[in-house]
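J.: Just need the whole structure built from these sequences, with the hints factored in.
Protein sequences appear in the order of chains A and B.
Heads up: the first sequence runs through residues 1 to 112, numbered per this note's numbering.
Heads up: the second sequence runs through residues 1 to 111, numbered per this note's numbering.
Calculated directly from the structure, the hints in this document are not laboratory data.
Check each hint, because a few of them may be wrong.
[Unchecked claim] Here are the computed lysine-lysine pairs in the DSBU-like style, where the Cα-Cα straight-line distance is at most 35 Å:
hint	chain 1	residue 1	chain 2	residue 2
1	B	Lys58	A	Lys79
2	A	Lys79	A	Lys100
3	B	Lys71	B	Lys110
4	B	Lys69	A	Lys100
5	A	Lys100	B	Lys49
6	B	Lys71	B	Lys58
7	B	Lys71	B	Lys49
8	B	Lys69	B	Lys58
9	B	Lys71	A	Lys79
10	A	Lys100	A	Lys80
11	B	Lys110	B	Lys58
12	B	Lys110	A	Lys100
13	A	Lys80	B	Lys110
14	A	Lys80	B	Lys49
15	B	Lys61	B	Lys71
16	B	Lys69	B	Lys49
17	B	Lys110	B	Lys49
18	B	Lys110	B	Lys61
19	B	Lys61	A	Lys100
20	B	Lys61	B	Lys49
21	B	Lys69	B	Lys110
[Stated by the list, open to error] Partial selection, computed: residues in chain A whose CB lies under 8 Å from chain B:
hint	residue
22	Trp7
23	Gln38
24	Gly43
25	Leu44
26	Lys79
27	Leu90
28	Phe103
29	Gln108
30	Leu112
[To be verified] Reference listing, derived: stretches of chain B covered by chain A, where coverage requires no fewer than 3 residues with Cβ under 8 Å from a Cβ of chain A:
hint	segment
31	56-65
32	100-108
The structure presented is a predicted model; accordingly, all values stated were derived computationally and were not measured.
C-beta atoms are modelled at their ideal positions from N, C-alpha and C, and glycine is treated no differently.
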Amino acid sequence: SQTIHQWPATLVQPVGSPLSLECTVEGTSNPNLYWYRQAAGRGLQLLFYSVGIGQISSEVPQNLSASRPQDRQFILSSKKLLLSDSGFYLCAWSVQGAEKLFFGSGTQLSVL
Amino acid sequence: AQSVSQHNHHVILSEAASLELGCNYSYGGTVNLFWYVQYPGQHLQLLLKYFSGDPLVKGIKGFEAEFIKSKFSFNLRKPSVQWSDTAEYFCAVAGNNDMRFGAGTRLTVKP
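T.: What follows is the structure, encoded as structure tokens:
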């Protein structure tokens with residue numbers, strides 16, 4: 001069966017520090033991968049999605065970047081965090097060509 | 001343990017039929033509630049959300065949802081579905097530090 005792992009669960013970082021959130025999927029090949037963010041008081045916002053290794057599409061220009069170094073690994077990064085980067089980050093995957101999403105457990109990021 | 005349950009895996013309706021998708025949750029503390037939709041070939045988008053106030057929430061495209069605190073439910077409704085409502089629907093619950101999704105309900109509307 002397929003599983004998705006996302007870590008860490010919580011993270012507190014100072015402004016200006018780097019960020020690396022990792023997401024891996026097991027039990028499937030060539031998934032679509034997604035990074036979403038939920039800011040306080042708002043719904044989910046799609047940040048990045050990837051349909052294959054090295055293929056990243058950015059939905060919202062911002063301080064963050066994403067990479068997909070391996071088929072089932074998706075990394076969200078920042079060189080210098082801003083206060084506005086605080087929020088809840090969710091990784092998700094889907095089968096290529098299908099709509100159903102499967103979500104990770106999320107990372108609560110607090111930038112202080 | 002915190003959880004979100006969507007009762008129906010796949011719902012098939014004819015056009016003009018009424019829709020109700022169930023969502024129940026188990027969560028401690030104050031929650032925010034959401035329904036998201038993913039249309040074929042598109043990304044997830046927000047249908048409606050409940051944070052506080054009137055428990056009957058109206059969203060886009062004629063959808064509404066009712067928060068019943070005593071039943072820990074947030075069911076999605078639409079009086080008359082259209083073929084274009086065919087999609088995957090996700091209920092989500094956000095607490096202080098996390099957000100959880102239901103497994104999703106696939107809605108197929110037959111013309």
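J.: Determine for every hint whether it applies to the structure shown.
T.: Status of each hint after checking the structure:
Restraint check for Lys58/B and Lys79/A: not satisfied, since their Cα atoms lie roughly 40 Å apart, outside the 35 Å limit. In summary, the hint linking Lys79/A to Lys100/A is supported, as the alpha carbons are separated by about 32 Å, within the 35 Å threshold. As the CA atoms of Lys71/B and Lys110/B are separated by approximately 31 Å, the hinted pair is consistent with the 35 Å bound. Between Lys69/B and Lys100/A, the direct Cα distance comes to roughly 28 Å. Compliance with the 35 Å bound is thereby established for this hinted pair.
Distance restraint check for Lys100/A and Lys49/B: the Cα-Cα separation of roughly 20 Å lies within the 35 Å cut-off, and the hinted pair is therefore satisfied. Proposed proximity of Lys71/B and Lys58/B is supported: the alpha carbons are some 20 Å apart, at most 35 Å. The straight-line distance between the Cα atoms of Lys71/B and Lys49/B is roughly 18 Å, inside the 35 Å bound, and the hint therefore holds. Distance restraint check for Lys69/B and Lys58/B: the Cα-Cα separation of roughly 17 Å lies within the 35 Å cut-off, and the hinted pair is therefore satisfied.
Distance check on the hinted pair: Lys71/B and Lys79/A sit about 45 Å apart at the alpha-carbon level, beyond 35 Å; violated. Taking the CA atoms of Lys100/A and Lys80/A, the gap is about 33 Å. The hint holds against a cut of 35 Å. At roughly 24 Å between alpha-carbon atoms, Lys110/B and Lys58/B fall within 35 Å of each other, so this suggested pair holds. Among the hinted pairs, Lys110/B with Lys100/A is consistent with the structure: their alpha-carbon atoms are about 19 Å apart, no more than 35 Å.
Proposed proximity of Lys80/A and Lys110/B is contradicted: the alpha carbons are some 50 Å apart, above 35 Å. Restraint check for Lys80/A and Lys49/B: satisfied, since their Cα atoms lie roughly 32 Å apart, inside the 35 Å limit. Among the hinted pairs, Lys61/B with Lys71/B is consistent with the structure: their alpha-carbon atoms are about 26 Å apart, no more than 35 Å. Distance restraint check for Lys69/B and Lys49/B: the Cα-Cα separation of roughly 15 Å lies within the 35 Å cut-off, and the hinted pair is therefore satisfied.
Under the criterion of a C-alpha separation no larger than 35 Å, the hint pairing Lys110/B with Lys49/B is consistent with the structure, at around 27 Å. Using a Cα cut-off of 35 Å, the hinted pair Lys110/B and Lys61/B holds, with the two alpha carbons roughly 18 Å apart. Pair hint Lys61/B plus Lys100/A holds up; C-alpha atoms about 21 Å apart against a cutoff of 35 Å. Proximity of Lys61/B to Lys49/B is assessed by CA-CA distance (about 14 Å); at most 35 Å being required, the pair is judged to hold.
Among the hinted pairs, Lys69/B with Lys110/B is consistent with the structure: their alpha-carbon atoms are about 33 Å apart, no more than 35 Å. Because the beta carbon of Trp7/A sits about 13 Å from the nearest beta carbon in chain B, more than 8 Å, this interface hint is broken. Given the 8 Å rule on beta carbons, the hint for Gln38/A holds: about 6 Å separates it from the nearest Cβ of chain B. Of the supplied interface hints, the one on Gly43/A holds, with its beta-carbon coming within about 4 Å of a beta-carbon of chain B, less than 8 Å.
A least Cβ separation of about 6 Å between Leu44/A and chain B falls short of the 8 Å threshold, and the interface hint therefore holds. Given the 8 Å rule on beta carbons, the hint for Lys79/A is violated: about 25 Å separates it from the nearest Cβ of chain B. Given the 8 Å rule on beta carbons, the hint for Leu90/A holds: about 6 Å separates it from the nearest Cβ of chain B. Taking 8 Å as the C-beta cut-off, the interface hint given for Phe103/A holds, the closest approach to chain B being about 5 Å.
For Gln108/A, the interface hint holds, the least distance from its beta-carbon to any beta-carbon of chain B being 5 Å, beneath 8 Å. For Leu112/A, the suggested interface contact is broken, since its CB lies about 15 Å from the closest CB of chain B, more than 8 Å. Remark: the segment 56-65 of chain B is not confirmed as covered by chain A, as 0 of its residues place a Cβ nearer than 8 Å to a Cβ of that chain, below the required three. Under the rule that three or more residues need a Cβ within less than 8 Å of chain A, the assignment of the segment 100-108 of chain B holds, with 4 such residues.
Checked against the numbered hints given earlier, the structure breaks hints 1, 9, 13, 22, 26, 30, 31 and satisfies all the rest.
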